[in-house]
Amino acid sequence: MAESTEMDYKSLPKIELHAHLNGSLSTSCLTELYHMKYPNTDDPPSHINGYKILDKFVELKDCFERFKYAHDLTDTPKRLKRATEIIINECHDDGVVYLEIRTTPRATEHMTKEVYLSTICEAIIECHEKEPKNPIVKLIPSFDRSKGVNDARDTLDVVLKVREKFPGMIVGIDLSGNPENTNFQDFKPLLQEARNAGLKLTLHCAETAGTEEENMEMLEFGMDRMGHGTFMDESPDTWLTLREKKIPVECCITSNLKCATVPDITKHHIQKLLH
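The UniProt record's numbering puts the first residue of the sequence shown at 1, with every later residue one more than the last.
Since the hints were made in silico from the structure, they are not lab data. It is possible that part of the hints are untrue.
List time: in silico DSBU-like cross-link candidates among lysine-lysine, alpha-carbon distance up to 35 Å [said to hold, decoys possible]:
#1 K14 x K147
#2 K161 x K81
#3 K10 x K188
#4 K246 x K78
#5 K133 x K14
#6 K37 x K68
#7 K37 x K14
#8 K165 x K14
#9 K10 x K130
#10 K130 x K245
#11 K10 x K37
#12 K272 x K200
#13 K10 x K245
#14 K78 x K245
#15 K188 x K161
Model the full structure from these sequences, guided by the hints.
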């Protein structure tokens, strides 16, 4: 009998550098969290269909809209901790050996931003203590562009405070969220402050079309890694600058396809980046 030549991709060691906590909740995780929050299934919320994972969105803004359902299920320390545990365990099962979880700290009725970040850090530590073979996990807090600069200011203050409580856990700052009606220039002072404090920068850039001017501004400002970079080649100048600066790009193939920023795999920019 001939030996199988199929590659066992699941068992291959992997690193996961672009995992949004509330965007990485599997169907089984969402179901568990849903029943934790709504144990009386005879009286479900009117928007119950929002908790189901779709095969594909019509456009990117639909994806941003969908996040509110995940946020609804991670609004207490208990459920947030459980979500973090499940993500780490599922990544372990997929062969991930190094994982960076990114998330925007949120103040809810049940917790402050500081408690939000501390809860995730504690869950990461406990997961490693329970199972040392779990991936090495680090945390990247995010500035959500749609929430404005004042919210980002508050977030950075909290991040620096929590970093002192959990040394070595927080490794960078992410700029993400819906970029519509926002200006990158407004966030530059805070990003520079984070950089001066020793935090690495990973910035969502060129995730949507028609942002050539801002893309160049972000490239000139500098970053340690770029998130997505989907439309970086819309301008020859930005594409050349990206290559000259040798900025690593976090290609999110599944995300781009599901969020309809790329029509199909044959059009994905990873092919151009690899040549």
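Which hint numbers does the structure go against, in order from smallest to largest?
3, 4, 10 and 14
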